[in-house]
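Those protein sequences? They're chains A and B, same order as listed. Each residue of the first sequence is one higher than the one before, starting from 1 at the first, in our numbering. Each residue of the second sequence is one higher than the one before, starting from 1001 at the first, in our numbering.
Hints are computed from structural coordinates only; laboratory data are not their basis. Each residue gets a CB set at the ideal place from its N, CA and C atoms; glycine is no exception. Mixed in with the good hints, there may be bad ones.
[What the hints assert, rightly or not] Listed below are the simulated DSS-like cross-link pairs for lysine-lysine, each with C-alpha atoms no more than 27 Å apart in a straight line: (1) A/Lys42 with B/Lys1014; (2) B/Lys1095 with A/Lys57; (3) A/Lys59 with B/Lys1095.
[Said to hold, decoys possible] Some chain A residues judged to face chain B by a derived CB distance under 7 Å, without partners named: (4) Gly43; (5) Pro44; (6) Thr49; (7) Phe72; (8) Pro97; (9) Gly103.
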Amino acid sequence: EDQVTQSPEALRLQEGESSSLNCSYTVSGLRGLFWYRQDPGKGPEFLFTLYSAGEEKEKERLKATLTKKESFLHITAPKPEDSATYLCAVLNSGNTPLVFGKGTRLSVIA
Amino acid sequence: DTGVSQDPRHKITKRGQNVTFRCDPISEHNRLYWYRQTLGQGPEFLTYFQNEAQLEKSRLLSDRFSAERPKGSFSTLEIQRTEQGDSAMYLCASKGEKGTQYFGPGTRLTVL
C-alpha cells in the first residue's frame, strides 16, 4: 500500500528564516510526486510535479527536490503570505488516484 | 479556463437528510475525482470518472454515497441519510491527459 509521511506537522518561522519540509514516501513504481499548497477553507493549489530522482523545480521562494525515498520543499526567505498547509501526494505506476500525506502547516511570522 | 468549480461552497444539514454536491471540471479534462478531507488530514480518495464511466470507488464510499457524471461533463455526489461523521470538506479535482490534478474550492458539509 502506498504511503506518504510529511514532517514536521507544523512549522513556525520568522520572516526571512529559510527551512525545508519533508515528504517521505513508499510507492509501487512512482509515476509522479506532487506538491500542493492549501489555504484554510480552500481547495489545494498545484505547485509542482516531480517525476524522477534528482529532479528539481523552482517557483519564486519555493524549490522542490526528489530522491528515491523522499522529497523536500525548500522555502527561501519566506514571507507571511507563504503561510499555508503544504501537501505532498504520490501517483503510482498503476495510475490509481493520488495518495496524500497529512500536510505541514507553515506559519511565517513578520 | 475558469478552473474547477463546486457548488455549494457550504452546506449545513440535519442528520438523516440527503445532500447533493455539484462539480464542474475544467472543460477539456476527461477525468474527474472526488475526495474527502477532514481537519488535520490530507484529502482521501472517494471515486473517479473517465468521461461518463465511474472507474474506481474507495472503500470509504459507503452505500449511502453515490456519484454520477452524465454526459461526461459535470458530476454530482449525493449522500443519503447523512450522519455526523460525514461532516468534512468534499473536494473535486479534474485532470487532462497529463498527470496533474487541479482542485476546486471544495464544499464544506456540516451535519448537525
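Cross-check of the supplied hints:
{"no.": "1", "hint": "A/Lys42 with B/Lys1014", "result": "23 Å, holds"}
{"no.": "2", "hint": "B/Lys1095 with A/Lys57", "result": "21 Å, holds"}
{"no.": "3", "hint": "A/Lys59 with B/Lys1095", "result": "22 Å, holds"}
{"no.": "4", "hint": "Gly43", "result": "4 Å, holds"}
{"no.": "5", "hint": "Pro44", "result": "5 Å, holds"}
{"no.": "6", "hint": "Thr49", "result": "6 Å, holds"}
{"no.": "7", "hint": "Phe72", "result": "18 Å, violated"}
{"no.": "8", "hint": "Pro97", "result": "4 Å, holds"}
{"no.": "9", "hint": "Gly103", "result": "6 Å, holds"}
Of the numbered hints stated above, the single one contradicted by the structure is hint 7.
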